[in-house]
Every structure is written in structure tokens, then in C-alpha cells.
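Here's the letter readout for the chains.
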Amino acid sequence: MADHVREQIAVAFVNALTGLATTGANVWRERDTDERPLREAELPALLVDDDGEPAEISTLGTARILTRRMRLRVTAHVRALTGAGTSLNQILKEVEIAVAGISSAAFKYSSITDVSAREASEGADRPVMRQSFNFDVLYMTAHNAPDVPL
Amino acid sequence: MPLVEDLTAFYRTSEFAVSATLQGGTVVPVIFDAAAFDALGMTGSSPQARAIAASVAESAVGQTLVVNAVTYRIRNRSALDDGAEVMLQLERQ
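So the sequence lines, in the order shown, correspond to chains H and Z.
Counting from 1, one number per residue, gives the positions in the first sequence under the numbering used here.
Counting from 1001, one number per residue, gives the positions in the second sequence under the numbering used here.
In short, the hints are calculated from the structure, not lab data.
Just so you know, these numbers come straight off a predicted model, no measurement behind them.
The hints are all genuine.
Example chain Z residues on the side facing chain H (calculated, C-beta under 8 Å, incomplete):
| # | residue |
| --- | --- |
| 1 | Asp1038 |
| 2 | Gly1041 |
| 3 | Pro1047 |
| 4 | Glu1091 |
Examples of chain Z residues lying across from chain H (beta carbon under 10 Å, computed):
| # | residue |
| --- | --- |
| 5 | Met1042 |
| 6 | Gly1044 |
| 7 | Arg1073 |
| 8 | Leu1090 |
| 9 | Arg1092 |
Backbone N, C-alpha and C fix where the C-beta goes; we use that ideal spot for every residue, glycine too.
Next up, chain Z with everything else stripped away, as it sits in the complex (with noise of 0.2 Å):
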């Protein structure tokens, strides 16, 4: 019998996951992060959220999310390890 993963237990918004919603309203549990990041002598930050991958499509690579009231568009979407779960880069709008 195949091991069936249930990531959801690693996405309760009650611990360290939020809610985030996807253009069209979707709404879904990731892991956001936003360290600074510096480029070329300016100050930004490097936000990214980790999602179950079936929650966010490939085709939602030029959409919005919204995290914590703030708008991003998503510039990329990858693969983490085996592939069930996926980095998002965003973009702040």
C-alpha cells in the first residue's frame, strides 16, 4: 500500500502557516517568508511562500496573491524536493 502524504498537517494557518488568496479567490495555506534582500545597493525584501503544490497551479505563475493584505504577483513557481510542495517568488505590487 503506497504511502499517501498528508501535508495539510504542515499547513494549519493556527501554527505557522497564513491564509493567502489567489487571483479568483481561492484561498489557500502557505508559509510566507520575506527576508531582506539587497540588490544592486538598494533594500528590498525576498518574499516567497511555500504551498502544497495541487493548491497552487502552474497557471498561476503571472497571477496575484494576496498575504496578509498585501498584494503580490507571483514571478515563479518551483519545485521543492520530491514535488509536493512548491516555492513561490513574489513580486510586491
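Bound conformation, chain H alone (with noise of 0.2 Å):
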């Protein structure tokens, strides 16, 4: 048995992100910074999360079809004595541009949705900024068959 779509989808998506300019192979899925926090060498980083999903019946019947819409967040952190912001914009860019070239059958669409407001420090010895880049990403299954995408 096939996973579940919305991991085909994550990985998808990790694969695509995985090796651009600016980032290289600094991408993660789920980290969780607080405890393990990106290292210098780490950096500029791009980390990949679940952030949820509506569902929706667009078929009744016992072979229901559901309309999905699975919200994955990228979230770039840079660290540079100058230019941070510049740098989250280049980023930006070529996150945009790796997602649009997925080619998956695995879902209908993918499209940005939100950039959400950027977070910056300066207390420690170099200036940290970091910016979440979000997606929803249109997926269609059979209710009981979540790992077959329609």
C-alpha cells in the first residue's frame, strides 16, 4: 500500500526543495528548532511542516470522493550581518519557482497562499531573521482509499 497522499505530497515537496541555490541541502522536515536549533553550519535553512488540512465531501455515496487541501508551511532562516532580508526574498524566489516545477500526480494544484511576517533578532552575535512562505496544496482521494490520489 501506497502512503498516505499527503505524505507523498511532503516528500514531494521536501525533494523539490532539497539542493537550491541559496539553501542547498539545508531542508528539514518537522524540526523542532527550540530544542534542536539550526547550527551555523545548518544555515540558511529552509524547514518544511505540516500546517494542516480542510477536508471537504464533494460525492456522496459509499465511494465519496473528498476534496483536500493540505497547507504545508517553509519557513527560511537566514543569519547575516547584513542583507537578511534580501537574502528571505531570494529564497522566497526560488522556493516559489522549485514548487511550481513539481510535477506529481499526486495532486491538482499547489499554490502560495501567504508570506507571513518576518521574525528578527539581533541578541545574539549576528542578526537572525527567519519568514514562513506558505502553500495549500489541492488533493483529491476516495474517503477510503487516502493513499490513491484522484
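Two chains, each in its own frame: build the complex with the hints.
Listed below in C-alpha cells is the structure:
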């Protein structure tokens, strides 16, 4: 049995975001940076997090179909003496292009829905900044076959 | 007769202090710390140097300070207690 479609989508995102020009291999899924903060050698970095999923019934009957919108949050982390904001915009550009290029049968489309406010801190030895980019990913499954994208 | 403090006893480089070089070349003794400091999920440190206020003028803020062969920029200078000493918040260059 295949993975749940949302797992297939998350894997597709991580694969697409790994190796970008700015963040390179510094991509993690569901990393708790409070307990395991990103180290200097791991920056700049992207974190990919599952941010929930509303679903609704699209057809009735025993084989009813669900329309589902998986939310994925991609959070960029940057440490730089200067130009952190510019770097975040560069990362956003690379992320959007990479996500647009995902070729997957798992979902119908993905779309960026929100770029969150930036968080900045100059309390450490070098200024740091982070920002989240939020994506909606539309996919459909039968209610009893969540591992098979329709 | 007013009490005249001699803070140099607390800033002997043979004890806890180290020599630091201000931009322009002036060498001053400081007590340096760089405790771990994580911000926004990223590891880092919080370098700071305690110094005799008279040895580091307010105008030094924004200038460089070299400590243990590492160059920092003085981000902030805040008075401690009665103002005879200051704490310098540093940014690694």
C-alpha cells in the first residue's frame, strides 16, 4: 500500500526544495528548532512543516470523494550581518520556482497563499531572521482510499 | 574625603580580564563572555565585554573591538550600577 497522499506531497516538496541555490541541502521536515536549533553550518535553511488540512465531501455515496487542501509551511532561516531581508526574498523566489516545477500525480495544484511577517533578532552574535511561506496543495481521494490520488 | 574607586584591580589581565583593541588601536582590559544564545531557532552566542566606563567612550558604539583575535562591532554600551563600568554588547564580524 502506498503512503497517504499527504505524505507523498510532503516528500515531493522536500525533494523539490533540496538543493536550491541559496539553501542547498539544508532542508528539514518537522524539526523542533526550540529543542534542536539550527547550527551555523546548517544555515541558511528551510523547514517544511505540515500545517493541517481542511477537507470536504465532494460527492455522496459509498465511494464518496473528498476534496482536500493540505497546508504546507516552508520557513526560511537566515543569519547574516547585512542583507538578511534580501536573502529571504531570494529564497522565496527559489522556493516558488521549485514548487511550481513539482511534477506529481499526487495533487491537482499547489499555490502560495501567504508570506508571513518576518521575525528578526539582533540578540545573538549575528543578526538572524526567519519567515514562513505558506502553500495550499489541493488533492482528491476517495474517502476509503487516502493513499490513491484522484 | 570622597571615596575614589580603583577599578583596575578588577581588570587585571593576569586574572579574569583580557586585552581588547578598540578601533584606532587603543588597548583596554575587558572581562569577556560569550554565553550560548539561541534566537529564532538558530544557535549562536551572546558576546559581551564588561569594561571600565572611562576606557570605552560612548562614541565607540558602532566601532570595532578585537578580542582574542576575533573582530566584533560594539552594538550597544550600557551602564552598570553606578555607571563606573559598562557592558558592551558585541556583534561578530
